[in-house]
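*Asks:* Order-wise, the sequence lines are chains A and B.
Note that the numbering used here gives residue 44 to position 44 of the first sequence, counting from 1, and the numbers run on in steps of one.
Heads up: take any position in the second sequence, counting from 1, add 1000, and you land on the numbering used here.
Note that these hints are calculated values from the structure, not bench results.
Bear in mind the structure is a predicted one, so any value in this text is a computation, not a measurement.
All C-beta atoms in this analysis are idealised placements derived from N, C-alpha and C, irrespective of residue type, glycine included.
Be aware that a few hints might be false.
Unchecked claim - Just a few of them, taken from the derived set where beta-carbon distance is under 8 Å, the chain A residues facing chain B:
1) THR86
2) TRP92
3) TYR133
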Amino acid sequence: MSAALIDGQKLSKVYATATGPLVALDNVSFEIKEGEFISLVGPSGCGKSTLLSILGGLEEKSDGTLILAGKHHDAPRPDLGMMFQTSVLFPWRTVRENVRLPGIILGLSAKQQAARCDELLDMVGLNGFGDRYPAELSGGMRQRVALARLLAHDPRVLLMDEPFGALDEFTRETMNVELLRIWEKTRKTVVFVTHNIGEAVFLSDRIFVMTPRPGRLEGIIEVDLPRPRRTDVMRDPRFSELVFDIRRMLGVDH
Amino acid sequence: MTIQATVDMIEPAPHAATIDRFIENERKKQFRKMLLNRALAAGFGIFVLLAWHIATTGGFVHALIIPSPAATFHATLRVMGADYFWPNVWVTLQEILWGFALGLASGVILGVGVAMFETVRATIYPYLVALQAPPKIVLAPIFITWFGFDMASKIAIAVVMSFFPMFLNTLTGLSSVDPNAVKLMRSLTAGRWKTFRYLLLPNALPIMMAGVKLCWTLAVLGVIVGEFVGASAGIGYLIYAMNFQLDIAGVFSLIIILSLFTLIVYQLIEWLESRVIFWKQL
Ligand SMILES: Nc1ncnc2c1ncn2[C@@H]1O[C@H](COP(=O)(O)OP(=O)(O)OP(=O)(O)O)[C@@H](O)[C@H]1O
Ligand SMILES: [Mg+2]
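With the rest of the complex left out, here is chain B (with noise of 0.2 Å):
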């Protein structure tokens, strides 16, 4: 008992306050950075509002060519109270998502085929890179002509410009795989569709994943292009109108709205993607 208590005295033990401490004090310190890189993306963001809040007003530039931050948010409750404003939304909207929808679709199908199946791959491969090499946006106008002015050509647009990086990067990620874990299943007697369940498929989804954010920015770029090349209703079509009649702050509010969709569809792919990605790599 007597030495107990001595050893005690001479080499305490790490204490579970202490451990506490430390664990607030860490905990504490990295509060403290976070509050600090909050507060530096909301000061740079302050001073270029300030910024363009200056040159617009002082009369540096001409607020025909750009309104200023306050005519902007205006000009943001003007046209979403407007009357044309939602049957336009509701257009473009159809249009990205069925876009967004067929180009992840056929990607990631085709992708799969290519990776799994010698006999797709050598009949389709060569022809799918081949169409890769021209700019896509060329064949807007051709589209508009084949489809029509409605949705339908805005969604083949969407979905030329969105397929190939889904494609690519499910191909990729189904092909980058550690060849002893393609043995291991092999000696396991597994065939194609138990070393794709098992091993393929999810080794390939952090790839394929960040193809789905491709895919997404690509849709909405492709349907934008189609509206402003050839269209009676949309987004697209709205800031090519308003742009025409000279109406800039319309066209900046137009979008700051497309902008904002965009991004906050563009978090939920992220969220989603956590939560399918849930582990680490080795």
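Chain A with its partners taken away, still in its complex shape (with noise of 0.2 Å):
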């Protein structure tokens, strides 16, 4: 199967809004393999979270066709999972009962669910934890919640919109290279949108450079940076190399 896992052709997107149509997405193309860990960058407005809906099958393109593992793609499906800026937990549940929440929804078995949710909550970090209530959770911890239930229904591709985009520098950090300890070892296709240059280099095998008004697809950068990363390949010439290209491209150095 040397197929891309997702094929996105001449996608475009246009919201009608008071003022006129505004185009979010013009015309844009990529392929995605299976496994590939891709980030989407750009400054605000230029689309990114748009994309990414539309990957998710939440939003309906304008125009283009986006093929998901060889069938056409426009809804929501059970192997797909998204995670948010913010936590999005229901204060009302408990972690455990939280990241159980995809499975109830989709009908999967209680039993597996019940042992996988112990599994995730130990990888994310949170064993002992199962019983809180968000609401005693700090900002990183609930994120750190929010990784488990993106992977408790065992998604195929995981959408992450700006999903550390509110922490701290610090925890952003730590939750960027356990998502990379995570990612290596489930393999999972991620798209990861960013405003973080530096963060999408340390992450990605390619970035997507994003441009706005109206939202297109500036280019794509291969990171040849090797694997298994830790954080010294931020020492890497070459990590500096990939940042300063995609400042160039995005038109933020001068």
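Can you join these two chains into the complex? Each is in its own frame, and there are hints to help.
*Replies:* Right, dumping it as structure tokens:
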């Protein structure tokens, strides 16, 4: 199987707004292979969230074709998982109940889910916090729970919209390291939206660089840093080179 | 060993006993504060009673207009011991409970319907809002004409008055939800029912419970107003009749009994609320 898992061709999205049509995505084409870690970077308003919603089958595309695992894709599917900038935990459910929500919604076996939940809480370093309520956790811990919930129904593709964007620098870095560790173990296909260029380079196989007004895919950067990566790759001269390339592509360096 | 001992001597770890003492102190501080707050509230109550007593017994206001605290107390015993009292209480109680239950149920059902179904919203929402415009008390005389002097008309007024806040709070609660939470549920292929059951309803409960409290006070108000306008039984009817006979002490005692009853149920609803909404918002 050399065919791409996700194949988007000439995707466009136009919103009808009070001030007239707004082109959020303009003619975006790309392919994503199974097991790839892709980041979307670009300034605010360039259509990253819009593209992610279309990939999730939550938002209708205005034009173009989108194929996932060989089939046209335009509706939510249980083999996709979404994570957001805020944890979106339900405050009336304990940590464990939150992690088990996808399993309940999708009608998965309760016994398997119970075992998997403990495993996942272990994996994200929240062993022993299963019976706490979200209000009792710090922001970083809540994102860990959200990460465990993302993996609960074992989705094939993870769609993450700035999942660590609201965290402080230290927590963000820890979460990046843990996400990589989990990704190396599970090798899921990831589409990861971020504003943070360093984060994108550290995590990704390829980076889709987007520019706004209208939202276009400016270019795709191959990250040829060796794996498995530890934080010391940030000292690699190649790391800064890639960061610099992306900055130039975005037009932030003059 | 010796090194350990030296370190201990220089830098004693927070000792369990110290922590216990700290917690004990905090608890005492809080207890003292609570005691002070209670004393302040009680003191103010006594002050008002005293002012009332002096004003009425000192001849500043006529006893016919405002009876003294003692007279009110005696009137309360007299009213509660009278033959006519309990049958009238029973009538009002039934009216209030029916009005409250029906107002609550219709508010919740229509609120859920309007929030969850676009066609229901398009069809009835404009009318529900328009019907809200006139003060509902103007309906009281008409309802007496339509439904008679008995309980039905009082229940109808109570329902009309208590319905809207329950409806609006249900609708608001179901609508004020984090858009990302809705996205999450959709991404998990949750349909309308599962989204309602696992996200929208629990998310709406705090606002809905506030509606229940409003609903309760308005149901009581509706029934009493209805009994003022036209009735042959009930607490409102008694108040009206006693006022007419210039038995102001009797009126006072009925108002106090009614207030106490409303308050007790209100507290009960608040207790229920603390049970239903056991979590803290994020
Ligand atoms: N539902 C909508 N209706 C109208 N316009 C929208 C809607 N959603 C997004 N847009 C517009 O589409 C454009 C792209 O939005 P999008 O949220 O995808 O950007 P983004 O790259 O995710 O930005 P950010 O980094 O700030 O999250 C923006 O100009 C936005 O105003
Ligand atoms: Mg976004």
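*Asks:* Hint by hint, note whether the structure agrees.
*Replies:* Structure-based check of each hint:
1. THR86: 6 Å, holds
2. TRP92: Holds, about 4 Å.
3. TYR133: Cβ of TYR133 of chain A sits 6 Å from chain B, so the hint holds.
Every hint, counting from the list given before, is met by this structure.
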